[in-house]
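Residue numbers (the UniProt record's numbering), protein chains in the order written: chain L, 1 to 367; chain U, 1 to 367; chain X, 1 to 367; chain H, 1 to 367.
To be clear, the hints were calculated from the coordinates, so they are not data collected in a lab.
This one's a predicted model, so the numbers in the text were calculated from it and none came from an experiment.
Cβ atoms here follow ideal geometry from the backbone N, Cα and C, with glycine treated the same way.
One should not assume that every hint holds.
Unchecked claim - Calculated cross-link-like contacts (lysine-lysine; reagent style DSBU-like; alpha-carbon spacing at most 30 Å): (1) X:K335 to H:K134; (2) L:K303 to U:K134; (3) U:K303 to L:K339; (4) X:K303 to H:K339; (5) X:K303 to H:K134; (6) U:K134 to L:K335; (7) X:K238 to X:K335; (8) H:K158 to H:K273; (9) U:K335 to L:K335; (10) U:K273 to U:K335.
As the list claims (entries may be wrong) - To give a feel for the contact side, a few chain L residues facing chain U, derived at Cβ under 10 Å: (11) R68; (12) P97; (13) F98; (14) T288; (15) I315; (16) Q316; (17) G317; (18) N334.
Number of protein chains: 4
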Amino acid sequence: MHTKIEIKHAQTSKHDSLHEKRGQKLVGLFNGMEKVKEKEEEEEHVKNCKQQQQQQRCSLWFEEEVERDLRWVYGISKILHIGASEFQTIELVQSVPFGKVLLLDGKLQSAELDEFVYHESIVHPALLYHSNPKSVFIMGGGEGSTAREALKHSCVKKVVMCDIDQEVVDFCRHHMTENAEAFSSPRLELVINDARAELESCNEKFDVIIGDLNDPVDGGPCFTLYTQSFYMNILKPKLNFGGILVTQAGPAGILSHREVYSSIYNTLRQTFKYVVPYAAHVPSFADTWGWVMASDQAFPMIKMEETNYRIQNRIQGELHFLDGQTLCAMLALNKHVWKTLAGETHIFTEDSARFIHGHGRAFKNQK
Amino acid sequence: MHTKIEIKHAQTSKHDSLHEKRGQKLVGLFNGMEKVKEKEEEEEHVKNCKQQQQQQRCSLWFEEEVERDLRWVYGISKILHIGASEFQTIELVQSVPFGKVLLLDGKLQSAELDEFVYHESIVHPALLYHSNPKSVFIMGGGEGSTAREALKHSCVKKVVMCDIDQEVVDFCRHHMTENAEAFSSPRLELVINDARAELESCNEKFDVIIGDLNDPVDGGPCFTLYTQSFYMNILKPKLNFGGILVTQAGPAGILSHREVYSSIYNTLRQTFKYVVPYAAHVPSFADTWGWVMASDQAFPMIKMEETNYRIQNRIQGELHFLDGQTLCAMLALNKHVWKTLAGETHIFTEDSARFIHGHGRAFKNQK
Amino acid sequence: MHTKIEIKHAQTSKHDSLHEKRGQKLVGLFNGMEKVKEKEEEEEHVKNCKQQQQQQRCSLWFEEEVERDLRWVYGISKILHIGASEFQTIELVQSVPFGKVLLLDGKLQSAELDEFVYHESIVHPALLYHSNPKSVFIMGGGEGSTAREALKHSCVKKVVMCDIDQEVVDFCRHHMTENAEAFSSPRLELVINDARAELESCNEKFDVIIGDLNDPVDGGPCFTLYTQSFYMNILKPKLNFGGILVTQAGPAGILSHREVYSSIYNTLRQTFKYVVPYAAHVPSFADTWGWVMASDQAFPMIKMEETNYRIQNRIQGELHFLDGQTLCAMLALNKHVWKTLAGETHIFTEDSARFIHGHGRAFKNQK
Amino acid sequence: MHTKIEIKHAQTSKHDSLHEKRGQKLVGLFNGMEKVKEKEEEEEHVKNCKQQQQQQRCSLWFEEEVERDLRWVYGISKILHIGASEFQTIELVQSVPFGKVLLLDGKLQSAELDEFVYHESIVHPALLYHSNPKSVFIMGGGEGSTAREALKHSCVKKVVMCDIDQEVVDFCRHHMTENAEAFSSPRLELVINDARAELESCNEKFDVIIGDLNDPVDGGPCFTLYTQSFYMNILKPKLNFGGILVTQAGPAGILSHREVYSSIYNTLRQTFKYVVPYAAHVPSFADTWGWVMASDQAFPMIKMEETNYRIQNRIQGELHFLDGQTLCAMLALNKHVWKTLAGETHIFTEDSARFIHGHGRAFKNQK
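The shape of chain L in the complex, shown without the other chains (with noise of 0.2 Å):
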């Protein structure tokens, strides 16, 4: 079912009026392209909160389970607003350290304070490296980030987003304002779908397409979306020569990459001919963070200087965690996580699937 949504606008107006105001002061806050120049107000109200809290301690916690016996725990000090779809529950909370955070069935997706971070890095790279980027697709991504940072570069002429969960994109566009430039622009296109029956069924092809997907989890389906079939038979027929992929790829820590990072990395080498590996430290995932790039045409070699060029002028607004030489350190894997990619030999298949434990980014497109 291919569903285009309208844009209206949002309904703040249902809100309570108490709750509005506050409401407004931290959605603003929430602004990812505004965070620097709001810094000294940001920090003003985190001394606040941090003041509050001297004289009560948080007594709500979200606590992740990082493996069965580490544990990252953050106090919250409001819920703000709460909702369920037909696959998950939706809930945006105000917590200390991280600030807004939104949560699908209880996992952290994406942490007002860092999550530039996390979408600078899905789609800048594969964007930067692509010498023009016009169309992309993207796998998942309801909450909208990951397509505001695409709509940043002005050669993108269309950028289709496919999240299955109509109720996590509507909850998104009405709670989290920093994205309603995004949504409700026209280059935008959004599809309520399943991402594999999507791409199957367009007839379109595209420069880049972005799988902003939950990590593989067991018993969960979207696990095929990082299969060898899914790459080789569904994905790669909708790129267009030059076109690139580029996916999230689970933690790339030390001590994590090799429950997924590794495999996803090794199966997507058997299945195209240049890939790239790059990953970096993301404070509220408690991890550094992996992902891949991958295209059957060579990545030219560019250099810091040549990255920074394109990025003034192809983006629009400014970038906050990456450039050149971010992007440099970003490539550059350390020598224990390379030796690993390096020997790596699990190929990820329907059958020999590799699962981590609830790391981060969770059940966003489970049927």
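Take the given structure of chain L and dock chains U, X and H to it, following the hints.
Then chains U, X and H, alone, in the frame of chain L:
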């Protein structure tokens, strides 16, 4: 069977032997130098631990308050050794996610499975950038791992390790066998003294001085070893021409680098002519960690290949984290952190110190 | 001062002595018999601990999963002793809220500040209801506290304590000095054996048999000591005329009494002519705890005054929890729990056992 | 300001339909009066919840700091409703171990599965001891459960419930349907006012005054409602001859009764001629809880049978916790607690108040 028990002495020989077997196995694993070779055995061990854990959840947990409302919590499966000095308590525990962990005053100092990241990072960049380092002075470092890494450089003729706490040194020498070789090296000179007092009174100069100190924490005396006056008046006079200071500099993550990292960087920038900050993610610290090198003589531009060449020629034994490419990545801080460093104006003095909450390495040198 | 260190043997004698002093102080405090008299000293100690804690939060925590999503978590300020047997690990730790705590396999067995509630409750009601108890058999109880309470009855000539784990017995004898007197009593006969095997093979009968066993837990062999066939065939034949069995019977709170308490009660009701359940709140167990007395001869109606009279006449030393009025309160379960007990039809057999999650006392007698 | 509230029907139409369905199911379960009859359905529900939990652990947790180093932590499976008043935040959440839980300012007030213990205990003893209670004044109690219990007494003609926070009252009236009947009773008079001000200004006297207040907490104004001057000058003049005051009196466990319970008891003993303390374990409070009754006329000696007779004759609907035997047990505090109460000399005044850490019921009436 009816056994009437005579009161006899506890048969410690019995359970000691049980313990001993397990202990030795684990101690062997803690040997960073053998880590990669022993990967399979290690993974087997971790798998067994985790299977055991299926039956029985951890009931002892170590909780680090990264911030007031942010906790890093991991399961402890066994208390291995306990001790105490006049300065602090000393514990060696078996953690599930990070292997053996050394705690001083209940604060994580070093974890078996990723200590090589921290210790390779604090030692090798400065020694590799130096044209011919012969003498090294370590402030703190009682655990022995920093000395172990420094002694890998065959050009180094003398390593002075100056820690204030003899018990910690003794404890680590006996219980952390991976550093046994280092502790017994004739090139190691072990001094039990306050690092400041030691530097003030000693007549030698050094090629590299390493600050393997605990973080500046409010109320701790150690923060004075991060002040401009200490660097200027005490430390710099003890550096030979071409000498390099490198110090650990606290958390350097997207959300944490303003706590002390930017200030330590700026303080050194106001004190030395050439300053080089760098960082890497250390999983057990739950953050990206920062270090800063400083010198009054220019750092040479060293390419990846030259770094790899120096590693091959100078270092005995293998590095597991660092190579030319990794060093590049560490030096290329991201745009967000660079912007803060570039704009930082705070100078760390005894009257205007900055402190961190309770992050990572703590209280090592307190009097 | 510049001290060149010779490598010498660890001066364990030094820090041992430090430890010893502290240890002895704490061990002294664990003496339940002196608890009330030493209240002021104790409160001083607790106050000091808490003031210390103002400066430094606990980083080691003990977490008991009362249920899957309910945790009872308390700070550990010190590891006092560690040991292990062929059956389990044994630890004595200093907790902040409950004083010294004995852990077997990481499960709380007994806490200094409230163990008198559990141990007075399991021992004295049966011994006070018996007209003239001379011999007592304790199944389990290796810690020694149950024997200590039984030995307070001057009419008791012989206490057989039968625990399967010699190391636990040795550990407690050495480290829990409050039971030292009990352990050295000529009236105590210590047997290292499985309680079932011991009862089967012994030729004696007893006036009171006490089941100070761990809870029935899935996979543990100890649950067989709660079955009807055990009570009927093994235990009952070892009771003298007028003899009383009393057993701990798991959590008996408003929300937890259906787990095993009602079933143990009903099983005894189907096996003995007279059965008396009772309960009391034990803070460190995070619940109300239950016990059941059973006999084939009628329990006399004893008024408060008679209970107080018997306490005064039979017991040497003071009770801190139990008197006539308290016993009345323990026997008068609330309406909600009584209703469940009255309606319970489940009988505990080897084929239809009930288990509890991970509550409280565990794994003590496992083979 | 004295506002008399008109009763209106719960506007369930406001919820979205998805929520309504789930909500009603859960709200139905929260109905204390139907609890036992619906036990099977309830257990089915809990079983389902727990099976769900097998697949997915809780990630939202409520943590109560019972003391600084003692935590009571339970999983939250769903946020049901959120609100806020000028005094506090208001949340209704679905907890796994305790069912629906009402939180004010993040502090647990009442839990579905055991609120009947607290509310039967605070209401019925005083009303049963009174020969013919016709009028009841409740200080606090905005949740409605205390009024619900009082209205079960057919002899009671008027219940005045005086809570300071209209939003809490409105929230509970709409979302806690088990109290709907009470809220719509013509015998209930709802007053939004500070309890002290209301008592001072009103001209009536009452047969029973119930202090369903939050605990005395440092910095909160509510502690003044526990002072001798309040009892003497404001409250006592509003009691009819034979009138009884009953107040919640904080934790009364073996380890916690010295915090405020003994002091409140002694303060009342110094103010009224006859004082009766009692206590019961409330699982969700993680402790035994205390109440104190006080009167200037003697309490009659009522036997169990008489209590049961009065319950049968006066109370419409069934009690689930309390009967004659249970009341006996509650009144018979254990020896340890009695000893403290008997020896307590502290009197609670505005200048010498005692406070508890953060236990249980909090901040309800703060201005």
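Hints and how they fare:
| no. | hint | verdict |
| --- | --- | --- |
| 1 | X:K335 to H:K134 | holds, 26 Å |
| 2 | L:K303 to U:K134 | violated, 36 Å |
| 3 | U:K303 to L:K339 | holds, 20 Å |
| 4 | X:K303 to H:K339 | holds, 20 Å |
| 5 | X:K303 to H:K134 | violated, 36 Å |
| 6 | U:K134 to L:K335 | holds, 26 Å |
| 7 | X:K238 to X:K335 | violated, 34 Å |
| 8 | H:K158 to H:K273 | holds, 26 Å |
| 9 | U:K335 to L:K335 | holds, 23 Å |
| 10 | U:K273 to U:K335 | holds, 23 Å |
| 11 | R68 | holds, 6 Å |
| 12 | P97 | holds, 4 Å |
| 13 | F98 | holds, 8 Å |
| 14 | T288 | holds, 5 Å |
| 15 | I315 | violated, 13 Å |
| 16 | Q316 | violated, 17 Å |
| 17 | G317 | violated, 14 Å |
| 18 | N334 | holds, 4 Å |
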